[in-house]
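The primary structure of each chain is shown beneath.
Number of protein chains: 2
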Amino acid sequence: MENTQNYHMSPNEFRKQGKLMIDWIADYYENIEKYPVLSQVKPGEIKNQLPDAPPAESESMEQIMADVNSIILPGITHWQSPNFFAYFPSNSSGPSVLGDLLSSGLGVQGMLWATSPACTELETQVLDWLAEMLQLPEKFRSTSVGGAVIQDTASSAALSAVLAARERKTNYQTNDSGNLGNLVAYISSHTHSSVEKAIKIAGIGKNNLRLVEVDENLAMRPDLLETAIKNDVQNGLIPFFVCATVGTTSTNAMDPLPEIGKICQKYELWMHIDAAMSGTAAICPEYRYLLNGVELADSFSFNPHKWMFTNFDCNCFFVADRSVLIKTLSILPEYLKNQATESGAVFDYRDWHIQLGRRFRSLKLWFVIRHYGVNGLRYHIQQHINMAQQFAEWVRTSADFELIAPAPLNLVCFAHKKGDDFNKKLLEAINNQGKMYFTHTVINGRYVLRMCIGQTNTESSHVIQAWEIIQETAKELISKE
Amino acid sequence: MENTQNYHMSPNEFRKQGKLMIDWIADYYENIEKYPVLSQVKPGEIKNQLPDAPPAESESMEQIMADVNSIILPGITHWQSPNFFAYFPSNSSGPSVLGDLLSSGLGVQGMLWATSPACTELETQVLDWLAEMLQLPEKFRSTSVGGAVIQDTASSAALSAVLAARERKTNYQTNDSGNLGNLVAYISSHTHSSVEKAIKIAGIGKNNLRLVEVDENLAMRPDLLETAIKNDVQNGLIPFFVCATVGTTSTNAMDPLPEIGKICQKYELWMHIDAAMSGTAAICPEYRYLLNGVELADSFSFNPHKWMFTNFDCNCFFVADRSVLIKTLSILPEYLKNQATESGAVFDYRDWHIQLGRRFRSLKLWFVIRHYGVNGLRYHIQQHINMAQQFAEWVRTSADFELIAPAPLNLVCFAHKKGDDFNKKLLEAINNQGKMYFTHTVINGRYVLRMCIGQTNTESSHVIQAWEIIQETAKELISKE
Numbered sequence: 001m002e003n004t005q006n007y008h009m010s011p012n013e014f015r016k017q018g019k020l021m022i023d024w025i026a027d028y029y030e031n032i033e034k035y036p037v038l039s040q041v042k043p044g045e046i047k048n049q050l051p052d053a054p055p056a057e058s059e060s061m062e063q064i065m066a067d068v069n070s071i072i073l074p075g076i077t078h079w080q081s082p083n084f085f086a087y088f089p090s091n092s093s094g095p096s097v098l099g100d101l102l103s104s105g106l107g108v109q110g111m112l113w114a115t116s117p118a119c120t121e122l123e124t125q126v127l128d129w130l131a132e133m134l135q136l137p138e139k140f141r142s143t144s145v146g147g148a149v150i151q152d153t154a155s156s157a158a159l160s161a162v163l164a165a166r167e168r169k170t171n172y173q174t175n176d177s178g179n180l181g182n183l184v185a186y187i188s189s190h191t192h193s194s195v196e197k198a199i200k201i202a203g204i205g206k207n208n209l210r211l212v213e214v215d216e217n218l219a220m221r222p223d224l225l226e227t228a229i230k231n232d233v234q235n236g237l238i239p240f241f242v243c244a245t246v247g248t249t250s251t252n253a254m255d256p257l258p259e260i261g262k263i264c265q266k267y268e269l270w271m272h273i274d275a276a277m278s279g280t281a282a283i284c285p286e287y288r289y290l291l292n293g294v295e296l297a298d299s300f301s302f303n304p305h306k307w308m309f310t311n312f313d314c315n316c317f318f319v320a321d322r323s324v325l326i327k328t329l330s331i332l333p334e335y336l337k338n339q340a341t342e343s344g345a346v347f348d349y350r351d352w353h354i355q356l357g358r359r360f361r362s363l364k365l366w367f368v369i370r371h372y373g374v375n376g377l378r379y380h381i382q383q384h385i386n387m388a389q390q391f392a393e394w395v396r397t398s399a400d401f402e403l404i405a406p407a408p409l410n411l412v413c414f415a416h417k418k419g420d421d422f423n424k425k426l427l428e429a430i431n432n433q434g435k436m437y438f439t440h441t442v443i444n445g446r447y448v449l450r451m452c453i454g455q456t457n458t459e460s461s462h463v464i465q466a467w468e469i470i471q472e473t474a475k476e477l478i479s480k481e
Numbered sequence: 482m483e484n485t486q487n488y489h490m491s492p493n494e495f496r497k498q499g500k501l502m503i504d505w506i507a508d509y510y511e512n513i514e515k516y517p518v519l520s521q522v523k524p525g526e527i528k529n530q531l532p533d534a535p536p537a538e539s540e541s542m543e544q545i546m547a548d549v550n551s552i553i554l555p556g557i558t559h560w561q562s563p564n565f566f567a568y569f570p571s572n573s574s575g576p577s578v579l580g581d582l583l584s585s586g587l588g589v590q591g592m593l594w595a596t597s598p599a600c601t602e603l604e605t606q607v608l609d610w611l612a613e614m615l616q617l618p619e620k621f622r623s624t625s626v627g628g629a630v631i632q633d634t635a636s637s638a639a640l641s642a643v644l645a646a647r648e649r650k651t652n653y654q655t656n657d658s659g660n661l662g663n664l665v666a667y668i669s670s671h672t673h674s675s676v677e678k679a680i681k682i683a684g685i686g687k688n689n690l691r692l693v694e695v696d697e698n699l700a701m702r703p704d705l706l707e708t709a710i711k712n713d714v715q716n717g718l719i720p721f722f723v724c725a726t727v728g729t730t731s732t733n734a735m736d737p738l739p740e741i742g743k744i745c746q747k748y749e750l751w752m753h754i755d756a757a758m759s760g761t762a763a764i765c766p767e768y769r770y771l772l773n774g775v776e777l778a779d780s781f782s783f784n785p786h787k788w789m790f791t792n793f794d795c796n797c798f799f800v801a802d803r804s805v806l807i808k809t810l811s812i813l814p815e816y817l818k819n820q821a822t823e824s825g826a827v828f829d830y831r832d833w834h835i836q837l838g839r840r841f842r843s844l845k846l847w848f849v850i851r852h853y854g855v856n857g858l859r860y861h862i863q864q865h866i867n868m869a870q871q872f873a874e875w876v877r878t879s880a881d882f883e884l885i886a887p888a889p890l891n892l893v894c895f896a897h898k899k900g901d902d903f904n905k906k907l908l909e910a911i912n913n914q915g916k917m918y919f920t921h922t923v924i925n926g927r928y929v930l931r932m933c934i935g936q937t938n939t940e941s942s943h944v945i946q947a948w949e950i951i952q953e954t955a956k957e958l959i960s961k962e
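Going down the list, the sequences are from chains A and B. If you're matching positions, the first sequence starts at 1 in our numbering and goes up one per residue. If you're matching positions, the second sequence starts at 482 in our numbering and goes up one per residue.
Keep in mind that the hints were calculated from the coordinates and are not lab data. A virtual CB, placed ideally from N, CA and C, is assigned to each residue, including glycine. It is possible that part of the hints are untrue.
As the list claims (entries may be wrong) - Partial selection, computed: residues in chain A whose CB lies under 7 Å from chain B:
(1) I22
(2) Y29
(3) N31
(4) K47
(5) Q49
(6) L98
(7) T143
(8) K200
(9) L211
(10) P258
(11) F312
(12) E334
(13) R359
(14) G373
(15) V442
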């Protein structure tokens, strides 16, 4: 029983090592533009440098950090570089890292209200703040019949929406009897792949997922949605779910929410809105119109971990009627029973998502909103959009490049006029240089370059440099032909 | 386009505030025993102190931290207190917090190998280390046909196992056609509620989940499992999945893995092993026997975030055949295609779980294993078990209390002999004092106290004090009767 030995890190050692780590991170941010944005290592190169077996005895933080510098860093693709224009951003920021550090330090597991009331109540309040910032209708707020929860990703939020929709439509019988068949869901051909994944997971099946065609702006065509629903009803199937997107991943297309919403109400379908990246823009009054129609939705989700300077993971999932979600996902074994839960006066967020355990994620969101203030957040979002619009204008007036899709916000889809093979070569050549990193998509069979301008620290100088690199590299490739 | 203003936290301000936060956390750990372990606030008490609307303008970190101290801290249930004996632990430690801080700072999103090769390869290597530490069979290692992935929680791991089992049994047709019906799963009446939740989510339905009865040690009875399977087969149903538990949540019961495994092989069922807390004990050679039979399993999961000093969230999910899992969960839209993925030479971990996006969670696990060394981890696990065995001995030899279930490791289920009502009162009285926090379960209709000894900083003095508090409070309650 005697504790003669102790391998734990003492508070004093934690103070010392913690401050060194803070300096390491600050140094990293100050030097981040020196690294190639896209890691240039080959498959296996990192793993092969790591010992085959774990150490039997304790190693020092100095040894560990030496390996971070020599082995790990070369294998990092620098998402926090201002020259990162790939995919959608996954932004960090000072206040967010500190809020997340506090969460790790407190080490709270907030599965129930009782297991840390502050974890639940701060989350509820901050999500009500976001509802206010986004001017979401009253029904999405905790003070009404709805409410919101922090989930890890938009994938999990979409799955939760599919499940709640499935249960509401089948009168909560699928949870008991298994999938009853005949349920049909609708997305556009540009909806994020996570919804197809959710449909598979939920036992609905990919064959019962309709891909509605898009218009010339790559937005879902509501007329074709209604036609598909009518067809399915005539064939004895049961339409139950639509996912509309505010800002698709390929091109930032905007599905027409009001028209889709009316169809959902007419045929009694659950309407989920996936606004993973672009939802953040709606905190700016001039972009709030993007959410017109959200009042018709049953659920809505967006990711502060993309474009709102809150580090991964942080998805905010709003529901219009929380009782449906809770009835779908609630299970209460004896060992989790407690007075607060039984009183019905509290939220137990474990009933709002797939997982049981949960981290204190609202701290980082609270830190970000308070550090920036709503006006500060708006300012940076507007800056990003301005830069992207400037970039789009350069492309539009260029002799060699052309826009391939509308650029409503901060994502620009474009291509060199020399065709697919040239654009593939161009993308690879630029990303291998390491000065910037961007990615591609395919639109109507055409290979297209994607430039997403939304990294926390991106300033106009980075965008100017990127456009220069793109033009110069294209010229070089042509001169070598 | 001009950036005339900037709301971001500068690297210098981050250095300053970061070091203050490190000191705050170190101070918190040094003073943690001064706070009531179980938060004493009432529902709404935290939320009511927070402003109804978000701040329009930037607030200082000093203001934010003042609110952390005055509003948030009273609403914390202190999971990192050495006097926390509730549920299962959710442990943090110095090296883990630092590894997690590095992860937040790097801000990497590791959905694909290409989006940060180090994020994927360090994870693969550290999980191979764990396979070595747990002496898992070769098939669970990346160098063979299986492998492992870090998931958030055992709930998500169980869901992934159910889905892979569903697809393997239906020849990957359920993903396409929806639930084909007739699938049946088996757990014991003491299996964690997350498996029932997974069965519902996957569209199998609760009615197709059999709760196999347990023996006198509350472990699944393999004879009754086989009887249930035979019955279902005779009725035209298709048994497909069993979850066996190493250390149930209620009482730490151990399902007989070898017997269950043989039945799974005979009837071609997927065997998943949930060792969420107790799996960690198997890194000690003298407790490795707990995993005997794991060689018959298709998947195995345990949570370093419970008992291995790695802060939440960190579940390790091992599969014997990774191709089944990947085929079940893979979706590849154009915008995620890249050369490394197409070469087949890399793991893309997004295909190993529900979510698309993922955090660099292996850093904290790597930091913990290296800081403690395998021997350091074993030492502290052994200490916890020794303390729990001592506690069990005190109960066993007590005139007033009795053990209600075997205590094979670090969880002791016991009760005062005065019956359910008295034990309820006793638990509430002790938890309201704030000096320690423990919880309850119900076994065979009887209200039982659960004392889980596994918090990072718990030493024998805390366990001695807990036993004194329990005895003293019982005496006081009796004297007032």
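For this session: Would you check whether F312 of chain A satisfies its interface hint, that is, whether its CB is within less than 7 Å of any CB in chain B?
Result: 5 Å, holds
For this session: Double-check R359 of chain A for me: the hint is only fine if its C-beta lies closer than 7 Å to a C-beta in chain B.
Result: 5 Å, holds
Exercise. Holds or violated: is the Cβ of Q49 of chain A closer than 7 Å to a Cβ in chain B?
Worked result: 9 Å, violated
Problem set entry | Interface hint status, N31 of chain A versus chain B (Cβ within 7 Å) | 10 Å, violated
Exercise. Taking the closest Cβ pair, is E334 of chain A under 7 Å from chain B?
Worked result: 4 Å, holds
For this session: Closer than 7 Å between Cβ atoms is the bar; does K200 of chain A clear it against chain B? Give me holds or violated.
Result: Result: holds, 4 Å to nearest chain B Cβ.
Problem set entry | Hint status (Cβ of L211 of chain A to nearest Cβ of chain B, threshold 7 Å) | 12 Å, violated
Problem set entry | Minimum beta-carbon distance criterion (7 Å), K47 of chain A to chain B | This interface hint holds because 4 Å falls under the 7 Å limit.
Exercise. Does the CB of L98 of chain A sit less than 7 Å away from some CB of chain B?
Worked result: With Cβ-Cβ at 5 Å, under 7 Å, it holds.
Exercise. Do the numbers back the hint for G373 of chain A, that is, is its least Cβ distance to chain B under 7 Å?
Worked result: 4 Å, holds
Problem set entry | Status of the hint placing T143 of chain A at chain B (closest C-beta pair under 7 Å) | Hint violated; T143 of chain A Cβ to chain B Cβ min 9 Å, cut 7 Å.
Problem set entry | chain B contact restraint for V442 of chain A - C-beta distance below 7 Å | 4 Å, holds
Consistency with the previously given hints fails for numbers 3, 5, 7, 9 and 10, ordered from lowest to highest.
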